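Trainee: Protein sequence lines correspond, in order, to chains R and Z. Note that this note's numbering has the first sequence beginning at 1, numbered continuously upward. Note that this note's numbering has the second sequence beginning at 1001, numbered continuously upward.
Since the hints were made in silico from the structure, they are not lab data. Values in this document were obtained by computation on a predicted structure and should not be read as measured data. Mixed in with the good hints there might be a few duds.
[Unchecked claim] Simulated pairs of lysine-lysine, DSS-like, Cα-Cα distance not exceeding 25 Å: (1) R:LYS216 - R:LYS187; (2) R:LYS191 - R:LYS15; (3) R:LYS15 - R:LYS48; (4) Z:LYS1227 - R:LYS15; (5) R:LYS14 - Z:LYS1227; (6) Z:LYS1227 - R:LYS48.
[As the list claims (entries may be wrong)] Where chain R lies over chain Z, by a calculated footprint (3+ residues, C-beta under 8 Å): (7) 1239-1246; (8) 1252-1262.
Ideal placement from N, C-alpha and C gives every residue a C-beta, glycine not left out.
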Amino acid sequence: MSFLSVRNLSVRLKKGPPLLRRVSLEVAAGEVRGLVGESGAGKSMIGKAVLGILPPSVEVTEGEIVLDGVDLLRLTLTERRRRIGAMAALIPQDPLTALNPSHRIGPQITDRLVDILGWTRADAAARARELLAEVQIPDPDRVLRSYPHELSGGMRQRILIASAFAAEPKLIVADEPTTALDVTVQKQILKLIAGMQARHGTALLFVTHDLGVVSKVCQRLSVLYAGMVVEDTSVADFFAAPRHAYSAALLAATPKYTDPSAGLNPVPEAVIAAVQAEVAAFDRGRAHG
Amino acid sequence: MPFLRILLLRLLTTAITLAGVAVIVFFVIRVVPGNPIAMMLPPGATEADIARLSALYGLDKPLVAQFGIWIAGVVQGDFGTSITTRQPVLDLVLGRLPATLELSIMALVMACLLGGAAALTGTRYRGGRTEGAIDVANGMALSVPDFLWGLVLILLFGVLVPVFHISGRVTPSLDLPFATNFYLFESLIRLRFDLWADIVAHMFMPALALAIPLAAIIGQLLKQSLKETMNLDYVTLARTKGYGETRVILREALRNAALPTLTLVGVQFTFLIGGTVIIERLFSYEGLGNMAIDAVINRDLPLIQGIVILFAVIFTGVNLIVDLLYTVLNPRLRHG
């Protein structure tokens, strides 16, 4: 039984072109699913839809987002917000903009515990200290009293990870959590997320454009192109033998840092044309059906 | 420590500003036509009368010498004697200052409440009819100057539905037990709510007239920056935590969005104080502004100088307070 299951989700710009085309995917409890694709493929859009933070300029036209047996899209706004707040969390992309500059770190980790889940302040503060230790931040008491601008990007991302795990959510959406960081910090953060995920048994929806990251963290994988899932497979199968031509080309396009002379292999035009034809065929089918 | 250094630096620049204001006001009011002696003497006075009176007030000396005498006094806290009332300028001016301060601050509070409410409501229901209505109301409030609002209010709540007093600061027949001229404040301290209500009923309309244009500016700017802030990542993150729209606006967005508005409120508040001159006249409110108009009509040079200097002190003081508030609200400015 999947903890999260997205079925036939279609999203479009209001009165505009489709952004997601009948996307379906499952995330079992404790499983890590990667969402890969080029920029604009709609991978972040799926994460936003699951967390109920789609921008006001887009609308869901069909589909279901079933979180722990309940279709979020059938709930009222307030019920959906409460359910998502209690069960899911976000690790955002850019740690420099995701913390409120005028609040101290402590409340930004504990706010959900106190305001939404009704913990006492003392319990929440103890939990925050425990979490900061878990994400390997030295001197937690000082950090909890700090403002975001007093901390480095890597520190802030650790804090955001701690904050995401604070309420022991069943599902975390990580939206390119290492993209905005230095390469040296990326690896540590990735290891940290993977370790936390394994310890807490949290299901993880990992949005990334980096197949190297997928191979390290994920068990299953959805490849997106133009808002369509072109391949849904296990990570082992994908790296052994991708089924879809676009997936294969994407895999081939991943730069090999161990062999710089290999150069860059962009996705061949023929493959792009083929996958675009698939998208067009899908849209035609919709228009007639 | 840097906080103290900023404060000292600001006090120094304030002193320079005030010196400049003193020079300008002194010479400008002596360059414009009309002089106090002509206002004091009856028609048909002789040249000798004029010369005698001029000598009495020291107005026969060269301008620079007059300035030297005046500024030497000012530095020692002596602003001279009013020509019309023969009382020390400092006593006159300080006696009226509380009335104007209370009026301005009441207007500022009203403007912040009205403008803040408009901005928060407009942000909460953005993109809908409510926001449209608020924008229209803001535009109207902004396009009519404060003294016209004063006339409209007099007509509405002074004449058609007479719920407020249209003139004065307090009902003259009342017995006032006050030790200071801060009537509004002191009536509260002394728990004399009957007097307080009477004073508020006098101040309400002039304060509202001053507040309406400022409220519109606050409403527009704050709504604008709130809407921008609502799209930032930390606000989105707060939404995923389960917070409702209203709480997201108040907890996450308001404080950050208030910063640009605060700077503007500081500048606009000084304009509001300038506006008290006309509004006090309109409502016969016994404040500095009303006194300033009388002083200009009578060419009471020392009194004009004293009032202008006091206004300059208030303006620079307001700017200083805004800067200090800014560092309190924005933790990034506190160090360095």
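Trainee: Tell me if the straight-line CA distance from LYS216 of chain R to LYS187 of chain R falls inside 25 Å.
Mentor: Given that 25 Å is the threshold and the Cα spacing comes to 10 Å, the pair holds.
Trainee: Between the alpha carbons of LYS15 of chain R and LYS48 of chain R, is the straight-line distance 25 Å or under?
Mentor: Given pair LYS15 of chain R, LYS48 of chain R holds - Cα atoms ~19 Å apart, limit 25 Å.
Trainee: Taking 25 Å as the top limit, are the C-alpha atoms of LYS191 of chain R and LYS15 of chain R close enough?
Mentor: Cα-Cα ~42 Å, so violated.
Trainee: Could you grab the alpha-carbon distance between LYS1227 of chain Z and LYS15 of chain R and see if it respects the 25 Å cut-off?
Mentor: Holds - the C-alpha atoms of LYS15 of chain R and LYS1227 of chain Z are around 23 Å apart, at most 25 Å.
Trainee: Would you check chain R against the segment 1239-1246 of chain Z, counting CB to CB pairs closer than 8 Å, and say if three or more residues qualify?
Mentor: With 6 residues closer than 8 Å to chain R, the segment 1239-1246 of chain Z meets the three-residue bar; holds.
Trainee: When I compare C-beta atoms, does the segment 1252-1262 of chain Z have three or more residues closer than 8 Å to chain R?
Mentor: Coverage by chain R holds for the segment 1252-1262 of chain Z (3 residues, Cβ < 8 Å).
Trainee: Are the Cα atoms of LYS14 of chain R and LYS1227 of chain Z separated by 25 Å or less?
Mentor: holds (20 Å)
Trainee: Please verify whether LYS1227 of chain Z and LYS48 of chain R have alpha carbons no more than 25 Å apart.
Mentor: holds (20 Å)
Against the hints set out earlier in the document, a violation occurs for number 2 only.
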